[in-house]
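Colleague: Residues per chain are reported as follows:
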Amino acid sequence: MTEMLIQARGLTKTYGDFVAVDGIDFDVAKGESFGFLGPNGAGKSTTMRIIGATSVRTSGTLTILGKDPEVNGPQIRAHLGVVPQQDNLDNELTVSENIFIYGRYFGLSSSFINKKIPELLEFAQLEEKKDTKVEALSGGMKRRLTIARSLVSEPDILMLDEPTTGLDPQARHILWDRLFRLKEQGVTLLITTHYMDEAEQLCDRLIVMDRGKIMAEDSPAQLIKTYSTKEVLEVRFGSDRNQEMVEVLRPLADRIEVLPDRILLYATDGEQLLEQITAKGIHPNTSLVRRSSLEDVFLRLTGRSLVE
Amino acid sequence: MSTNIRKVSRFGSFHIAEARIRNMAKWSGIILFAAVVNPALYLVSIGIGVGSLVDANNGVNGVSYLTFLAPALLASAAIQGSSDEVIFPVMDGFKWNRTFFGMRSTPITARQISLGVFLAAMFRTVVSVVIYWIVLYFFGALESGTAWLAMPAALLAGAAMGAVMLALAAKIENENFFFTLVGRFVMIPMFLFSGTFYPLTQMPIFLQFFGWISPLWHATELGRYLTYDYPLSGLQLSIHICVLASMIVIGLFLSARIFHKRLEK
Ligand SMILES: Nc1ncnc2c1ncn2[C@@H]1O[C@H](COP(=O)(O)OP(=O)(O)O)[C@@H](O)[C@H]1O
Ligand SMILES: [Mg+2]
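Protein chains in written order, with my numbering: chain A, 1 to 308; chain B, 1001 to 1265.
A couple of the hints might just be wrong.
What the hints assert, rightly or not - Heads up, simulated DSBU-like pairs for lysine-lysine below, C-alpha to C-alpha not over 35 Å straight-line:
1. A/K115 / B/K1171
2. B/K1171 / A/K213
3. A/K142 / A/K129
4. A/K133 / B/K1007
5. A/K129 / B/K1007
6. A/K115 / A/K133
7. B/K1026 / A/K129
8. B/K1095 / A/K133
9. A/K67 / A/K129
10. A/K225 / A/K280
11. A/K183 / B/K1007
12. A/K116 / B/K1261
13. A/K115 / B/K1026
14. B/K1026 / A/K30
15. A/K30 / B/K1261
16. B/K1007 / A/K67
17. B/K1007 / A/K116
18. B/K1026 / A/K142
19. B/K1026 / A/K116
20. A/K67 / B/K1026
Hints are computed from structural coordinates only; laboratory data are not their basis.
My request is simple: use the sequences and hints to build the entire structure.
Modeller: Have a look at this one:
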């Protein structure tokens, strides 16, 4: 049997009357890369803070590495690497100093940390910046430093809350590559994101969250298989004609979704569907056939887009 | 596993202080410059200027004006140093850079963070007080053989104010409000109404009240008692010490609670 590092049952967090996390259940196995996919406000960060033993759950049970975070907070945190949604590096200190002081908070000896720093700097591709004040780093570099810093204690579980939000595409790809390496090394990863491509790239298994609840749970491929068709045909008729075309197109596709600027037609073979449509004398302004993604899964489950 | 949770539970606040002191080291030039220039300015303008007038009238309490003033200046420098060194890190830690949230995601506890910030502020206060004392010494403000005892009295004031400010800065989340409150309604009135420049008893009784709740006054009284034969009864002496000690204990206790609450979110 695989070893479960995290087990949550009926996990709930309320702020006053507001339910931020609403009775969620999940298990994370050792070596797994587990994702929380959901839009802003879904309750991802709240869940991460509870797992990170910094926020106290309102109800439910939670076991992390066999312990209850409410009772054994410091003992659990000793084994976690945390990359929060908002960076909290010390801007006045240099890159190396930031890693050093963070290592000290885990009770690590100076000699251990100093041996570890070059290795972490290499991993984060920050060797040349080691004596630079954090203030002067780009957003992507700060993010990589935060990840490097979280690895100084050789954590059993690495938790990343929206690791690439706010980064440009190039910085995102560098980061994904780094995270991929960790995954290959067998580090257990917990990742939250509202980017479906990020979830598809990095997660072995994920839960789709919305308004504090779990909408679905599976591997990215299986989620797409279960909740969507193989392909999607996207057509545009111009904003005033989209609505009138919906009724004409509805019988032709397995499923249809209307977005403000385009219509999504779900089918096993998108090209074939497009041919059918044109054969009927319907000519969209633009058309595009693509594979289904987690975005389509989310749309199906909630009727809304991931990124508004 | 090299993570040492027992070491952290014992020495966590020292690790926080270590990080704070590394941070301060980046400002050491400014800190040291201020530590020397501030006392020099005060001594030249008030100590010597006003002092020559006062001393022409036989001084205060039978000692020179500089001797009278020195313990008060030293204590007020301690208070200024410790306040600065808790207020800015607290704003930074909770809000500006959110560094406390980073510390909190390690085995470190909220109480250790608050205590660590306090310890680092005390480190800076010791440095400032020693430098200030040396400047005072060279200006001839410290004549008696027990003059060095003004330092522990000042440190006590710094610790008391530092602990109270730590709790207050953590409690008040709106920094504009905090700075207005502290700057206009705490620091300046305290400096003016704590028997700093003349004995508190020269003031009408309703203004003496400011002195009674001011760590500066309590420490100044102690400092004067310790540096020249300024008369204090055993009861007065123990009140001064008790007030300052209670401020430290209560301030640190409340800080730990406020830190815990704010970091739990
Ligand atoms: N400390 C807090 N106090 C009150 N409400 C909060 C607090 N933290 C989060 N929330 C609310 O809980 C909901 C979930 O937030 P969060 O977990 O940050 O979502 P996500 O990370 O998925 O965007 C949001 O509506 C947010 O406003
Ligand atoms: Mg979030």
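Colleague: Are A/K30 and B/K1261 close enough, with their CA atoms no more than 35 Å apart?
Modeller: With a Cα-Cα distance of about 32 Å, the restraint between A/K30 and B/K1261 holds, given a limit of 35 Å.
Colleague: Does B/K1026 pair with A/K116 here, judged by a C-alpha cut-off of 35 Å?
Modeller: Judged against 35 Å, a Cα distance of about 24 Å means the pair holds.
Colleague: CA of B/K1026 to CA of A/K129, is that 35 Å or under?
Modeller: holds, 18 Å
Colleague: Between A/K133 and B/K1007, does the CA-CA distance stay at or below 35 Å?
Modeller: holds, 29 Å
Colleague: Need the status of pair A/K225, A/K280: alpha-carbon distance at most 35 Å?
Modeller: holds, 29 Å
Colleague: Keeping to a limit of 35 Å between CA atoms, is the pair of A/K142 and A/K129 held or broken?
Modeller: holds, 11 Å
Colleague: Holds or violated: are the alpha carbons of B/K1026 and A/K142 at most 35 Å from each other?
Modeller: Within the cut-off at roughly 20 Å; holds.
Colleague: Does A/K183 pair with B/K1007 here, judged by a C-alpha cut-off of 35 Å?
Modeller: holds, 30 Å
Colleague: Between B/K1095 and A/K133, does the CA-CA distance stay at or below 35 Å?
Modeller: holds, 19 Å
Colleague: Does A/K116 sit within 35 Å of B/K1007, going by the straight-line distance between their CA atoms?
Modeller: holds, 19 Å
Colleague: For a C-alpha distance cap of 35 Å, please report whether A/K115 and A/K133 respect it.
Modeller: holds, 21 Å
Colleague: Just to be careful, I want the Cα atoms of B/K1007 and A/K67 compared with a cutoff of 35 Å; is the pair within it?
Modeller: The given pair, whose Cα atoms are some 20 Å apart, holds under the 35 Å limit.
Violated hints, in rising order: 1, 9, 14, 20; the structure is consistent with all others.
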